Amino acid sequence: MNIWYYANPERFAGLARTLLPWTLGLALILAAIGTVWGLLIAPPDYQQGEAMRIIYVHVPAAWMAMFVYAVMAVSSAIAFIWNHPLADVAAKASAPIGAVFTALALVTGMLWGEPMWGTWWVWDARLTSVLILFFLYIGYIVLWSAIEEPARAARAARILALVGAVNLPIIKFSVDWWNTLHQPASVFRMDGPTMAPEMLTPLLIMGLAYNLLYVAILFMRMRAEIAERRLRTIRLGLEPAAS
Amino acid sequence: MRTFAAIIWRDVILGIRASGGAALSAAFFALILVLVPFGLGPGPDTLQATAPGLFWMAALLSTLLGLERVVQPDAEDGTLDLIRLSPLPLELAALAKIIAHWLTSGLILTLLAPLLAPLLNLSFHAAPVLALSLLLGTPALSAIGTAMAALGSSVQRGGMVLALLVLPLNIPFLIFGASAVASAQAGEDPGQALLLLGAASLIAMVVGTIAAAAALRIGDE
Amino acid sequence: MTLQSFLEMGGYAAFVWPAWGLSLAALAVLTLVSWRWMRRAERLAATSSSDPGTNPAAPAPSEPVD
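Heads up: the sequence lines are chains U, P and V, in that order.
Residue 1 is where the first sequence starts when you use this note's numbering, and the numbers rise one by one after that.
Residue 1 is where the second sequence starts when you use this note's numbering, and the numbers rise one by one after that.
Residue 1 is where the third sequence starts when you use this note's numbering, and the numbers rise one by one after that.
Among these hints, one or two may not hold up.
As the list claims (entries may be wrong) - If you only want the chain V side, here are some residues facing chain U, beta carbon under 10 Å, derived:
id: 1; residue: 2
id: 2; residue: 11
id: 3; residue: 20
id: 4; residue: 29
id: 5; residue: 30
id: 6; residue: 34
id: 7; residue: 41
id: 8; residue: 42
id: 9; residue: 44
By construction, these hints were calculated from the structure, which means they are not laboratory data.
These numbers were taken from a predicted model, which means no experiment stands behind them.
Don't be surprised by glycine CBs; every beta carbon is placed ideally from N, CA and C.
Put together the whole structure using the sequences plus the hints.
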C-alpha cells in the first residue's frame, strides 16, 4: 500500500469510516471473551490466587502504553521526514489514548501491588518507567494545546515525540540501573516467561482487544481531527463551499 | 565562526544582565539548598545522606530558570530571523545558544556547588566529585533545556510548560549524577556512574543540538 | 463455583474488582467521548460546507466549545 494514497485526508476518512465498525466490533467481542475467560475460566494462580486476575487488565494496558508511544514516534518521524499530512493527525490523536492506557497500567499496578507487595507503590523499575512515560505523554499533549497555531504546534510536537523516543531507552536504562543499585532483586516479578498457558491465552485475547480498541478510537479521533481541520479551512475562506 | 562566537557572546552578556539571568539562577540554587535543613531537620547525618541527591535536584530546577529567555525573546524581536538568514548552519547556532546557556547556568553551579557543600555536610572528599559530576552533566541539562525552549518559543509565559517538558527527560542525569556523588561519599569508586553520566550527557548534547536546530526552523517558511 | 465466591475473589475483591472496573470504565468513557467528538465534528463540517448561505468571505462564526 502506498502511504501517499491516503495522504488525502478525505480519502483516509473514508477508509476509517469503513474499518471503524469492524475494529470496534471485534474489539468489543474480544474484550467480552477475554473478560469472561479472565474472570471465570482461567484458573487462579498457585501463588497469588485470585489477585492474579488483575494481570488481564494490567499487562495489556502496559503493553499499549509502550505501543502507542511507539506509534506516536513512528508517525512523528514520518511527519518529520516526508511531511505526510496524516502522520501528525495520527500522532496527535494517539496521545490521549496512550495517556489513558498508561494511567490504567499505573492504577492497576498499584491495585496489584497492595496485596502482593503490601504497599500501594514501590519504586520498582518497571512502574517507575511507566510513570515517567506518563509524564512524557502529558508533556506532549500540553505542547499541542499550548501552541495556538496548528501548523506550528504540529511541527513542534513531532520534534518533541522524537526527542522523547530517543531518550526513552536512556531513561529506561538509567532507571533499571538505579533500581539494581537501591533494591536487591527481592521484588516480586509481575510477569515472566513462566506463565501458565491457561493464563497466557486470555491475556493475549485481552491484549488483542486493547490493541483493536486503540485502533478504533484512533480512527474516531483522526476522523474528528480531519473534520475539524476542514472546518477551519472552510471558515478561513480558503476552500470554496462544497456542493 | 564569527557568527557562532557572536551568538555566544551576545547570549552570555544578556544572560548576565537579564533579571532572570545567571545571578538569579545561582541564588535560586543556593536557596533551595538553604531550605533543606528547614524541611528535613538540621541533623548532620540526614543532611549528609540526602546531600548528593539534593544538590542534583537543585541543579535540575535552577537550570530551568533561565530557559525562557534563551529563545523566546529572540523569536519576538526578530533576532531569530537574522540567525536563520546568516550562513551559519542552524545546528551551530543552536550549539552556540546551548553553550551560552551553560556558561550562565551550569558552569556557575559547578563552581558554586563545592563551596556550598558544607551547608549540607557533604563529605569533604565528595565535593570534587560533585563538581566533576556537575561539569559532566549540566551541559546536557542546557542542551535538552534549549531544545525544549526552542520548541516552546511561541508559547506565551511558557515556563511551566517548559518545566513539564524538560524535567522527565533530565531524570537520567539526576540518577547518574547523584549516585556518583553518593558513592564517592560512601568511599566507593564513582567511576561507573561518572562514565554513564558522561555518556548520557554526550548523547543528550547531540540530540539536544539537532532537536534545537529543528525547532528553530519551525517558524521559517 | 458459587456467585458468592466469585464476588469474593478469594479475598482479593477489593483489588480485582476496582482494577477491572476502572479499566473497563475508563476505556468506555474514552470510546464514548471520542465517538461523540467525531460525530459532532463531522456534522459541523458537513453542514458548513453544504450550507448555501455560507459566504467564504463572511466573518467566521464563533468556534464551537470543545
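Going through the hints against the structure:
1. 2: Since the shortest Cβ distance to chain U is 12 Å, the answer is violated.
2. 11: This hint holds: residue 11 (chain V) lies near chain U, its Cβ roughly 7 Å from the closest one there, short of 10 Å.
3. 20: holds (6 Å)
4. 29: Cβ of residue 29 (chain V) sits 9 Å from chain U, so the hint holds.
5. 30: holds (5 Å)
6. 34: At 4 Å from the nearest chain U Cβ, residue 34 (chain V) passes the 10 Å test, so the hint holds.
7. 41: holds (4 Å)
8. 42: holds (4 Å)
9. 44: Check passed: Cβ of residue 44 (chain V) comes within 6 Å of chain U, closer than 10 Å.
Violation of the numbered hints given earlier is confined to hint 1; every other hint is satisfied by the structure.
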